[in-house]
Structure formats: structure tokens, C-alpha cells
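Undergrad: So the protein sequences, as listed, match chains A and B.
With full-length UniProt numbering, you'll find the first sequence wraps up at 343, consecutive numbering, no jumps.
With full-length UniProt numbering, you'll find the second sequence wraps up at 344, consecutive numbering, no jumps.
Just so you know, the hints here were simulated from the structure itself, not pulled from any lab data.
Heads up, some of the hints might be wrong.
[Unchecked claim] List of simulated lysine to aspartate or glutamate pairs, EDC-like, C-alpha gap at most 16 Å: (1) A:Lys85 / A:Asp207; (2) A:Lys132 / A:Glu151; (3) A:Lys138 / A:Glu121; (4) B:Lys278 / A:Asp244; (5) B:Lys103 / B:Glu93; (6) B:Lys236 / B:Glu46; (7) B:Lys90 / B:Asp110; (8) B:Lys276 / A:Glu141; (9) A:Lys301 / A:Asp207; (10) B:Lys276 / B:Glu253; (11) A:Lys138 / A:Asp117; (12) B:Lys276 / A:Asp228; (13) B:Lys256 / A:Asp219; (14) B:Lys276 / A:Asp219; (15) B:Lys339 / B:Asp274; (16) B:Lys236 / B:Asp87; (17) B:Lys278 / A:Asp228; (18) B:Lys236 / B:Glu17; (19) B:Lys236 / A:Asp267; (20) B:Lys278 / A:Asp117; (21) B:Lys138 / B:Asp110; (22) A:Lys79 / A:Glu151; (23) B:Lys256 / B:Glu268; (24) B:Lys157 / B:Glu146; (25) A:Lys77 / A:Glu5; (26) B:Lys278 / A:Glu9; (27) B:Lys141 / B:Glu127; (28) A:Lys321 / A:Glu303; (29) A:Lys77 / A:Asp219; (30) B:Lys256 / A:Glu151; (31) B:Lys256 / A:Asp267; (32) A:Lys77 / A:Glu151; (33) A:Lys138 / A:Glu151; (34) A:Lys323 / A:Asp304; (35) B:Lys276 / A:Asp244; (36) A:Lys132 / A:Asp117.
[Said to hold, decoys possible] Derived coverage of chain B by chain A (criterion: at least 3 residues anywhere in the stretch with Cβ under 8 Å from a Cβ of chain A; other residues may be distant): (37) 77-88; (38) 168-174; (39) 240-250; (40) 257-269.
Positions of the beta carbon are idealized from the N, C-alpha and C atoms, including for glycine.
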Amino acid sequence: MADREPILEVANLVKHFPLTQGILFKRQIGAVKAVDDVSFELYQGETLGIVGESGCGKSTVAKLLMNLEQPTSGTIKYKGEDISKLSGRALRAVRRNIQMVFQDPYTSLNPRMTVGDIIGEPFEIHPDVAPKGDRRKKVRELLDVVGLNPEYINRYPHQFSGGQRQRIGIARGLALNPEIIICDEPVSALDVSVQAQVINLMERLQDEFDLSYVFIAHDLSIVRHISDRVGVMYLGKLAELGTDGEIYDHPTHPYTQALLSAVPQPDPEVRESRERIILTGDVPSPANPPSGCRFRTRCWKAEDRCAQEVPVLAIPERFAKDKGGVAHPSACHFAEERDVVHA
Amino acid sequence: MSIEMTKAEVPGVPLLEVRDLHVEFHTRDGAAKAVNGVSYTVDAGETLAVLGESGSGKSVTAQTIMGILDMPPGRITGGEILFRGEDMLKMSEEERQRIRGDKIAMIFQDALSALNPVLSVGYQLGEMFRVHRGMSRKDAKAKAVELMDRVRIPAAKERVNDYPHQFSGGMRQRIMIAMALALEPDVIIADEPTTALDVTVQAQVMDLLAELQRDFEMGLILITHDLGVVADVADKIAVMYAGRIVENAPVHELYKRPAHPYTKGLLESIPRLDHKGKELYAIQGLPPSLTAIPQGCAFNPRCPMAQDVCFTDTPPLAEVLEQDGGPIGGRASACHFWKETIHG
């Protein structure tokens, strides 16, 4: 994969939300460090999964990638061009290629617009994609592509079920023929039996249109299923990054191991044979993260060094020569392989 | 409390029994039949998991048991809910109130909206003792601290006067559990108790709930859409679809060999953590609208095995047997073709 040019390159991305006090004379008393020094790449046609618990900064990453938030520092390069500094026409041109599918299909569709207007709205902003007379036809095509009846073009969102609404959201994301789609928890609001349908649809569309996905979710099983590479986030930082096999079969970061071991397993045989790591306590506040390694307050391996030195996300030295799945970036001073999924 | 309520366990009578319950809601499009003949029992020390997707009627059944169903638009059109053999649906509101909270308690999914944001958690926990036990404010607060300790909230003494928003999601759910436990009820109904929580916290809360249930010898009804979450703690599972129970089974049995095509499809559509699969199996179509449940078996439009009989006759919840006709124990399936489903 290294010989390919990345389509999206994120380097040292930081987003701090200021915390202020006072009404007339606002002064900053601190900052919520939502995203703190995150770097990754996205290649053409691949799916990068980002997992983490609530508050880990994964949705902020999505907003930054969409340029809905300005980063505090760091760069987001789309085909070599830093998009976080763009505005106006240049930004509009880039946005055409990076679209988003939202989590909640109940609130992300305007209840007063018909499906045709919702999916056709991107064409108002980018009239060059579909000339005026062509738009209805284009919308019908899109409905067909996502598996909805094109006759539904004049219906309103409330006439659809959750899974169908998410298909509408996907059709809207596809309207401008983007290269990248950022999916923020696209199936977590759906029922289990419908989730599989939407996941299959997204995979089919990826093949058909050569899309790249950034797939943000908290469900580790779904992320494994759809992703080529996976990044694990904790408190605004990437803890571990690798291919799906590297992360799931050879995790080396304690947080990844704990996260994987906590996934509820319906299969009684898998459940009984694997070990469970139950973490104590809750995720610390991102306004006041622990010094050094952010996971150290809940980590069973933590030593003095973890409080002083921030571990960098790199292939641990001791694994550098190893073949197989162990040699992948992990931000832990004491990285160690532990298979918690198979046992 | 009153003497007639603390009746000793009657042998042979289940702690809680729901019998052929029917509930419908009045809507503009006609009656939405949310619960269509649900029956289940829970005994002391037993955990029943009710598995189903949204709209399957699992929460409505629970709300009916608790007596917190909004009526109207809701309407109970048939059935009985027996607590120690007495039909709660025939009781006066006053009698119901004495059972609610005291004998049967409920844990809700979203602790932030279930707790009152303008009252301290200590006040809300203490309310249970003041209202039901007539304790003084001071004693009630002491009890609240004790309970918070019991559900392992660190520094309970200092935190008793904090408000719900000052707690994390996991801690809030612990407070909900503490509140349900307050009066040491015989039955606890937990409606998606860990759905709003992160995976690493889910496990903590589930373990706590299981431990408390063992210690207090309670009957526990766990309502969930995720089989994985309840698999460790449940003794038996009831799978619901369109307001009916379609399958009953012990946990291990259900996963190993489901006897209803819906359960089977549901299990196959879950992606696996331990290896990357190919395309996911997906159950075709959508759950039916409750105002227009299909004739015959409600699952027939989505079922890969459906035959003519499925469109005309509603399959009864029948006992599932081994291939040689021997009993399996505790298994039932509402499918005309359960034999083909389970034995292949």
C-alpha cells in the first residue's frame, strides 16, 4: 500500500475547544483537547475504520475532515493540498469530493423536504454536476443505486423506515460523485437486521464507484467487517493503527486489548474461551487529560515512565524486525502482543 | 409494608407470570397491535432475557407489567399479569402503587433522562425510603449513601449531594440500579440497561447487575436488542417479533441451533470479531408495520423458508424436540417448519 499516493493525508491534527469563564470579559480557563496530534493516511478505494468510546474525539475528526471545524493546528491534505486553510470557491470545489453520511437518519434529513429535494440539493450548490433539467433523472438514478424505488421521489422522510432513511442519506452523499465519504456511525441507529443490509450496500457502492471511506463507529465487529485498516482512538489520540488483521488478531496496545475483550459475544464458545479484561473507572475528562500516556489511569501496566513520557505512535522497536501482524504502530511504552479475540 | 403483600412464596406459582398479554395503541391509521399474546414467567433468582428489535413489543410488555403504560393511547385488550399468582391488571391503582418500586422495580435505558436533573441523586434515592418506608430525611440520606456504596460509586458520602449531570454515564446507570434495588424488590425489569454506555463500561455495569441479582435472589427481566450483552447473565431467552414470542430457549441452545428462521437470520447477520467474513447475511425487507401485521406468520414476507401455510395459519409457540423426538427442555418455536430450521 505504501507505493500508492494517499488521497487524504492528515498530519499532527489538533483541535482544542476553549473553555471560557465570564460574560462580558471572557477569559480562557482551559481547553477541551478533543483531538490531540492525530496523523493518518487514507488511500484510494480503501476503508479506514476509526473506533473509540464516546468522547474520544472520533466525531471531531470527522468534522475536521469535512472542514466543518477549523483545526487548532495540523494539516489535512487532499491530493497534496491543505484543505483546512481553504475558503470560498476553492473549498466548495474540494467539498464536492469529500461527502458525509451522518449517524442519525431521523435528524439529518429535513422533514419538510421531499426525498427528491434532499438528494437533489447538492446540485443547487454544484450546478455543473447536473444541469437543471437533468436533476430529477439523476435523483431517480441515485434512488435506484441505493436500492430504493425511484417512484418514491416525492415522498417525505417520515414515510420511510430508519434503514430506508439511511439509504436516502447515502444517496445524498453520493450525489456529487465524491471520492471520499466520511461515515460517522452510519448504522448505529439501525436495527440489527437492517444494519447488515446497509453495510452490504455501502460495500457494493465502494466497489462500484471506487470510493474511499473513513468509517467512524464504536461497534468493533462492524468496523472489522468493513475496514481495510483500523485506528483506535482514546482521549483525542490514536492508540494503535494497523490493518484489520493487525489490530484484531495482534493487538499490542493495552487499550485495544481491553476494548476488544469487552465486546459482547453472542457465541458461547468464543465467549467462554477468551479472556476478559474489565477496565476500572471511566474515561478521564478531555479538558484535563492525564500526563504522559492518556490511558495510564486505567492501565494495568502503568509505571512511572507512563506518567512522564508521552508514548509516540510508532512501530515498537522490539517488534521492528518481526514478521506477521505484530509490527504496526502502537502508542505504548510496553507494547506487547496479546490475542484477546481468539483465545 | 402491608402484610398481604409480603406473602411467602407459594410453591408451584411463578414469581411473575405474563399470560397471553395483548396491548394495542390507538393511532390515526387504526389500532397498532404492539403485543399480541405474549406469555412468559420469571422465578426468583432467574434471569430472562427478552430479545427483539425496535417495535417488537418488548418494552411495551415491560411497561404494562410496571403499570406505566400510557393509557390512552395504549389499551390492554387481553391477558393477565400474575405476581405471586395475583392478577395485577385487576388491582386498584393504590394496590399497584404498593407493588411498583417495592416489589417490582425498573431500570431504564437512558439514565440521564430518567433521573430528575434538578434534584440531587441523594434526594432521589432517599425518596424511595421516605415515600415507601416513611423514613426521615436524615435516615433516608444515610440509606442513599449505603446504596451508592453497594453499587460501587466511589466516594459515595461526598457525592450524595451531587446532581445527575455531574456523574458519568456509567455512574448514572449505577444510580439507576441503586434506585431500583432500594426497596429490595422481588423482580427487576431492566430495559436496555447498557445500550447507552460504552463497551468498556457496559461490561462493568452488566457484571454489577448480575452480582446484585445473585445476592438478592431477585427475578431479573433483561430487555435487549443485543444477544451478546445478555448472553453471560441470562438463563433463558425469549425472542420477540411483531408483538409475539417466536422462540424460547436457554442461552447456549439458542445460539448453537436456533429453531426459528428469524433468530437464525438475526444471528447470521451479526459480523464477527474474530475473523473477517465475506458479505454479511441480511434478512430481506423490513419489520412489519404494527397496524398491518401480515396474516399467518408475521415473519412470512421476509422468511426464506415461507410456504403457503405460513401465509394462512399463525404458527403456535410449540415445543421443540430432538430429532429422535426426545425433549430438549425449555425450548419452543413459533414456526411451522421448526424441525427443518433446527435439524437442517
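Undergrad: Hints numbered earlier in the text: which of these fail when held up against the supplied structure?
TA: Going through the list in order, the structure violates hints 1, 2, 7, 8, 9, 10, 13, 15, 16, 20, 21, 22, 26, 28, 29, 30, 32, 34, 37, 39 and respects the others.
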